[in-house]
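In order, the protein sequences belong to chains A and B. Using the working numbering, you'd call the opening residue of the first sequence number 4 and step up by one each time. Using the working numbering, you'd call the opening residue of the second sequence number 64 and step up by one each time.
Think of the hints as simulated: they come from the structure by calculation, not from any bench. C-beta: ideal position from N, C-alpha, C; glycine also. Mixed in with the good hints there might be a few duds.
[To be verified] Result set (PhoX-like, lysine-lysine): computed pairs, CA atoms no more than 25 Å apart in a straight line:
1. 159/B - 34/A
2. 154/B - 118/B
3. 131/B - 117/B
4. 154/B - 34/A
5. 154/B - 131/B
6. 159/B - 116/B
7. 116/B - 154/B
8. 20/A - 60/A
9. 60/A - 154/B
10. 159/B - 131/B
11. 159/B - 60/A
12. 60/A - 34/A
[What the hints assert, rightly or not] Some, not all, of what chain B presents toward chain A, calculated at C-beta under 7 Å:
13. 105
14. 159
15. 164
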Amino acid sequence: EADIYQTPRYLVIGTGKKITLECSQTMGHDKMYWYQQDPGMELHLIHYSYGVNSTEKGDLSSESTVSRIRTEHFPLTLESARPSHTSQYLCASSTLAGGNYNEQFFGPGTRLTVL
Amino acid sequence: KNEVEQSPQNLTAQEGEFITINCSYSVGISALHWLQQHPGGGIVSLFMLSSGKKKHGRLIATINIQEKHSSLHITASHPRDSAVYICAVLKGGAQKLVFGQGTRLTINP
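Could you put together the complete structure from these sequences and hints?
Listed below in structure tokens is the structure:
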């Protein structure tokens, strides 16, 4: 059973506001990921982390930033939200287990709407 | 061309039918994920496999590394199986997933 949590689940906010999307996992996984998914479209990796104090940008350019100060916590921040940021944001985590591949476990997602 | 292609994109079937969803990829991989996404948006990992076949309940996943192809089968399909099924590959040497566009499955009673 995966224990990865995201808050809030839904967020409607006005343009220009600063927002932080929270993601926490209790599995002790070293690797964490943020994906963005527009309705009906595939997931795109926007940020990832291989451990504390390690963050990298993903394949899809994003104006958001992330931090990894603690193993279990990987928040995503938008300094000034815009309507183009409206999307679903999914967090995932994984760890090296039984070989050289990592099964990813996903959180429930945050559906963000910027007005 | 996408590195991961799924077919069909949409599939509608009657309850009880045998379902097959296909995934082809064009890159070297270390493993392949099958994921399920329900209308609420949450994603559940169904299988991760790097060779052969795995079975869990009514779900069966197979992979042919030489042909760069994987299939997800659902036996005795049920309306609660209605969801988007996503194939994702872990590219060889990397630790990031590359996703297919998903297959929207609808099972009618």
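Each hint tested on the structure:
1. For the hint pairing residue 159/B with residue 34/A, the CA-to-CA distance comes to about 10 Å; that is within 25 Å, so the pair holds.
2. Our distance criterion of 25 Å between C-alpha atoms is met by residue 154/B and residue 118/B, whose separation comes to about 23 Å.
3. A hinted pair counts as satisfied when its Cα atoms are at most 25 Å apart, and residue 131/B with residue 117/B qualifies at roughly 17 Å.
4. Using a Cα cut-off of 25 Å, the hinted pair residue 154/B and residue 34/A holds, with the two alpha carbons roughly 16 Å apart.
5. Proximity of residue 154/B to residue 131/B is assessed by CA-CA distance (about 12 Å); at most 25 Å being required, the pair is judged to hold.
6. For a cut-off of 25 Å, the pair hint linking residue 159/B to residue 116/B stands: about 23 Å separates their Cα positions.
7. Among the hinted pairs, residue 116/B with residue 154/B is consistent with the structure: their alpha-carbon atoms are about 19 Å apart, no more than 25 Å.
8. Of the pairs offered as hints, the one joining residue 20/A and residue 60/A holds, with about 22 Å between alpha carbons and a cut-off of 25 Å not exceeded.
9. A C-alpha spacing of about 17 Å is found between residue 60/A and residue 154/B, which places the hinted pair at or below 25 Å, so the restraint holds.
10. For the proposed pair residue 159/B and residue 131/B, the alpha carbon gap of about 18 Å is at most 25 Å, so the pair holds.
11. A threshold of 25 Å between alpha carbons decides the hint, and for residue 159/B with residue 60/A the separation of about 12 Å falls inside it, so the pair holds.
12. As the CA atoms of residue 60/A and residue 34/A are separated by approximately 14 Å, the hinted pair is consistent with the 25 Å bound.
13. Because the beta carbon of residue 105/B sits about 4 Å from the nearest beta carbon in chain A, less than 7 Å, this interface hint is met.
14. Here the hint on residue 159/B is kept, as its CB sits about 6 Å from the closest CB of chain A, short of 7 Å.
15. Among the interface hints, the one on residue 164/B holds; its C-beta lies about 5 Å from the nearest C-beta in chain A, closer than the 7 Å criterion.
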